[in-house]
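Trainee: Place chain B on chain A using the hints.
Each chain, written out:
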Amino acid sequence: MKYEILPWLILLLPLVAAGCITLFTLRYRTVSALLSIGAVVTGFILSIIFISANGWHPAVGELFTNWLSVGALHIDFGLKLDALSMMMLLVVTGVGGAIHIYSVGYMREDSGFSRFFAELSLFTFSMLGIVLAGNFIEMFIFWELVGVSSYLLIGFWFEKASAGDAAKKAFITNRLGDFGFLLGILMVWGILGSLNFSALHGQLAQNPAALGTMATIAGLLVFCGAVGKSAQFPLHVWLPDAMEGPTPVSALIHAATMVAAGVYMLCRVFFILNADALHVIAYIGGFTSLLAALIAIQQDDIKRIIAYSTLSQLGYMVMAVGLSGPTAAMFHLTTHAFFKALLFLAAGSVILGMHHEQDIWQMGNLRKKMPTTFWTFLVGALALSGIPPFSGFYSKDSIFAQALEQKSHLLLAVGILVAGLTAFYTFRLFFVVFSGKEKSEDASHAHESPPVMTLPLVVLAIFAAIGGFIGITNHYGSQFIAGHETLSVVQQALEPLHSPVPMLIGIAVALTGIFLAFSLYKNATSDPLPAKLGALATWMKNKFYFDELYEATVIRLHDFIAAVMDWIDRWIVDGLCIGLVRGGTDLTGRALRLVQTGNLQTYAFLFVLGVAVVMYFVLVK
Amino acid sequence: MHAGLEQYLIVSFLLFALGLLGVIMRRNLLVIYMSLELMLNAANLALVSFSRFNNNLNGQILVFFIITVAAAEVAVGLALIVALYRKRQSAHVEDLTTMKL
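If you read the protein sequences in the order shown, they are chains A and B. Counting from 207, one number per residue, gives the positions in the first sequence under the working numbering. Counting from 293, one number per residue, gives the positions in the second sequence under the working numbering.
What the hints contain is simulated information worked out from the structure, not anything from laboratory work. C-beta atoms are modelled at their ideal positions from N, C-alpha and C, and glycine is treated no differently. Check each hint, because a few of them may be wrong.
Unchecked claim - What follows is a set of in silico ranges between Cβ atoms, one per label pair, in the way DEER data are often shown: (1) B/378 to A/801: 29 to 35 Å; (2) B/369 to A/823: 29 to 35 Å; (3) A/793 to B/329: 53 to 59 Å; (4) B/388 to A/232: 54 to 60 Å; (5) B/322 to A/779: 55 to 61 Å; (6) A/801 to B/322: 25 to 31 Å; (7) B/368 to A/232: 58 to 64 Å; (8) A/814 to B/368: 53 to 59 Å; (9) B/388 to A/801: 41 to 47 Å; (10) B/373 to A/823: 33 to 39 Å; (11) A/810 to B/346: 31 to 37 Å; (12) A/793 to B/368: 39 to 45 Å.
As the list claims (entries may be wrong) - From the derived model, a few chain A residues whose C-beta atoms are all more than 10 Å from chain B: (13) 240; (14) 259; (15) 378; (16) 485; (17) 619; (18) 707; (19) 769; (20) 804; (21) 806; (22) 807; (23) 810; (24) 814.
Next comes chain B alone, as it looks inside the complex:
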């Protein structure tokens, strides 16, 4: 079966939904972070498919940008998580909440 744009977008949507669910539901900071990356890649997939089916390279260029920025962001984000972990000996979001009701 030849896959059309629609199928690609459905996969992209599923990936995005999974990522979002992960961000909202999971408790471990590292997992939340990976879920975030998943959401970014869902967007990348959508962009690449639009680019392919519309014969326009703009989308692919945008994807390169996203990958670059995401890499930089990972470097910073992971560093923050490591620092937090060293300070609190925990990477669970409940343990990191300091506001009181």
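Next comes chain A alone, as it looks inside the complex:
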């Protein structure tokens, strides 16, 4: 195999950049930005060189060095090299690179410019670590690192209380899922005695029942990790709040890469999941996608709408995994990375043009003022809605085809319904923001963003448009399906015709959604929906009261336990145990202090008295 050093370089360059920026160049904004962008763009180029030299399935599937050996436990630090990981390498470094460049424009005014790029690089390193991880422990380490960098970036504007709270919420909610993930890892290790993905795959291929009765539980515990990271119901509450971070962060972490890590992990360990576990996964994914799509309809914050849309699309991917379609899931993950990063960046451009106004009802008629943003956003919106020939259409259709193949009609119906809702809320956002009248003073003074921001938009828009037939499915297919045949561009473009019914219904509901949005919101100055939907709209607007529900149950219970522990700490530990010792020492000290008068002659007298006593014993006794 040629260029074995390259995967290591790709992984470590962002870490080096993050270290250099933090240690040396915090004061030099340009140098910091160049280091960070250089690391990720070099990673992208090196990935292309490596893939063109070794193909999508290199001769050596894993590079590793021994990292830890304790008794029977051997953990390697390995880099897994196959179509799945290399495709993700391209996505993370490619989309990540575009977002890095965009950040130069978006964060230009910020005093934490260099810190932002250091944290961005740290995140890129962690994400590449997840992608390349060759075993469970390594993946878990990078999994947590991603959590940390996400925490740092959500709380980037930590002087705002809401940003700090959102960062904590994201981290703690993720920890809940990670707890299950770790249990799952331990269970797999306990039963199969190995943590390496290739070894586990081999073991399970030889003996599918190797996990025995624990197979379902182990699978679901591992899935817990994905529930946290990919924000599936019931741990979905952190993702919308994470929008407190800067918009490039939302695009990179909370749309394109980190939240996709859960789906990626499921595909990576797909061989562990048995039929029962997959069933649960599929329904949780389907439910999440429906729930999030409903909530998205009644949100007013431009970033929150896209965030709920991300939740919904992640639900799609998880559902696709559950329907035994990792190819479809990864396909949608990749196209979603393109068009969702695009939508977020375009939204960021709008927010910047509007002087940090995020309420869509303050915008309007931005089509003329921000033409590039308008056109690229339109491409992203069409891709998200699943309109052919944009990329989202193909990936969504492959999920529908998968559902049909698995004869899971309920999930197919949910998927199609969500497709309609998606088109509706996307174009609700689109029409309110870009057409109609200016709804505020700021909207009339909006201006287009600088080229450093619009260029990444254009690049991402191109991929969002053509991503459906540039061979993405071929590479994922070669990973998951034995004897997968490579399709030409035309064949890929015509692939949805193999299952025309869901395709046609999908297009029809998407168009209906767009038409409804058009008729309702073309010239609307306030939302007409609440009047029509009544109580349902209120529920949607308030996110079906999940935050309040958790507040009343989980957090209340937690507070109660904390109060009990506080009482024990205060009165039993501090009061009884520590208090007694402290009080005793204090009293003894006070008594002994009386002896020390500080008077020279008292000391002299006591000294003589002492000598007299000694002499009495020596001479008289």
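Mentor: Coordinates of chain B only, in the frame set by chain A:
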């Protein structure tokens, strides 16, 4: 009456006791200091008498040493007392105690 060793030692003991009493009872630093010297000289007297009655010169040599060291000590001690007096305008031990109960 011919004075024997016993008489010398009694005088030495009385001197020592007087000195000790002075050190313990008196309040003026200078007087305490003189009492200390008295105690040293009581020891010197005892040493010299032992030396005389035992026909051994070691004791007298020791006395010379004590006188020398005492002289040096007086120089240092008096300097300290003078410095203290300048700082506090007092040479009474009660005034010099700064520890609090």
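Trainee: Take the hints in turn and mark each one as holding or not.
Mentor: For each hint, the structure was consulted:
1. Checking the proposed 29 to 35 Å range against residue 378 of chain B and residue 801 of chain A shows it holds: the Cβ atoms sit about 32 Å from each other.
2. Taking the beta carbon of each, residue 369 of chain B and residue 823 of chain A are about 33 Å apart, inside 29 to 35 Å as hinted.
3. Between residue 793 of chain A and residue 329 of chain B the C-beta distance comes to about 44 Å, which lies outside the given range of 53 to 59 Å.
4. In this structure, residue 388 of chain B and residue 232 of chain A meet the distance hint of 54 to 60 Å, their C-beta atoms being roughly 57 Å apart.
5. For residue 322 of chain B and residue 779 of chain A, the hinted distance range of 55 to 61 Å is satisfied, since their beta carbons lie about 58 Å from each other.
6. Separation of residue 801 of chain A from residue 322 of chain B is about 28 Å and conforms to the stated range, judged on CB atoms against 25 to 31 Å.
7. At about 59 Å, the CB distance of residue 368 of chain B to residue 232 of chain A agrees with the hint of 58 to 64 Å.
8. A hinted range of 53 to 59 Å is violated for the C-beta pair residue 814 of chain A and residue 368 of chain B, which are about 23 Å apart.
9. Take residue 388 of chain B and residue 801 of chain A: their Cβ atoms lie about 19 Å apart, and the range 41 to 47 Å is violated.
10. Between residue 373 of chain B and residue 823 of chain A the beta carbons are some 36 Å apart, a value that agrees with the proposed interval 33 to 39 Å.
11. Between residue 810 of chain A and residue 346 of chain B the beta carbon distance is about 32 Å. The supplied range of 31 to 37 Å therefore holds.
12. Checking the proposed 39 to 45 Å range against residue 793 of chain A and residue 368 of chain B shows it holds: the Cβ atoms sit about 42 Å from each other.
13. At roughly 65 Å from the closest C-beta of chain B, the C-beta of residue 240 of chain A stays outside 10 Å, upholding its exclusion from the interface.
14. Residue 259 of chain A, annotated as away from the interface, keeps every beta carbon of chain B farther than 10 Å; the closest lies near 83 Å.
15. Residue-level check passed: residue 378 of chain A sits 52 Å from the nearest beta carbon of chain B, beyond 10 Å.
16. Annotated as non-interface, residue 485 of chain A keeps its C-beta farther than 10 Å from every C-beta of chain B; the closest such distance is 79 Å.
17. No Cβ of chain B approaches the Cβ of residue 619 of chain A within 10 Å, the least distance being about 87 Å, so the stated non-interface status holds.
18. Chain B leaves residue 707 of chain A outside its interface by the beta-carbon criterion, the shortest separation being 96 Å against a cut-off of 10 Å.
19. Distance check on residue 769 of chain A: its Cβ is at least 43 Å (rounded) from any Cβ of chain B, clearing the 10 Å threshold; non-interface status holds.
20. Its closest Cβ contact with chain B, about 3 Å, brings residue 804 of chain A to no more than 10 Å, contrary to its assignment away from the interface.
21. Chain B draws residue 806 of chain A into its interface by the beta-carbon criterion, the shortest separation being 5 Å against a cut-off of 10 Å.
22. A cut-off of 10 Å between C-beta atoms contradicts the statement that residue 807 of chain A is not in contact with chain B; the least separation is 6 Å.
23. Not every C-beta of chain B lies more than 10 Å from that of residue 810 of chain A, the closest at about 5 Å, which undercuts listing it as non-interface.
24. The beta carbon of residue 814 of chain A is not kept farther than 10 Å from every beta carbon of chain B, the shortest such distance being approximately 6 Å.
Violated hints, listed in ascending order, are 3, 8, 9, 20, 21, 22, 23 and 24; each of the other numbered hints is respected by the structure.
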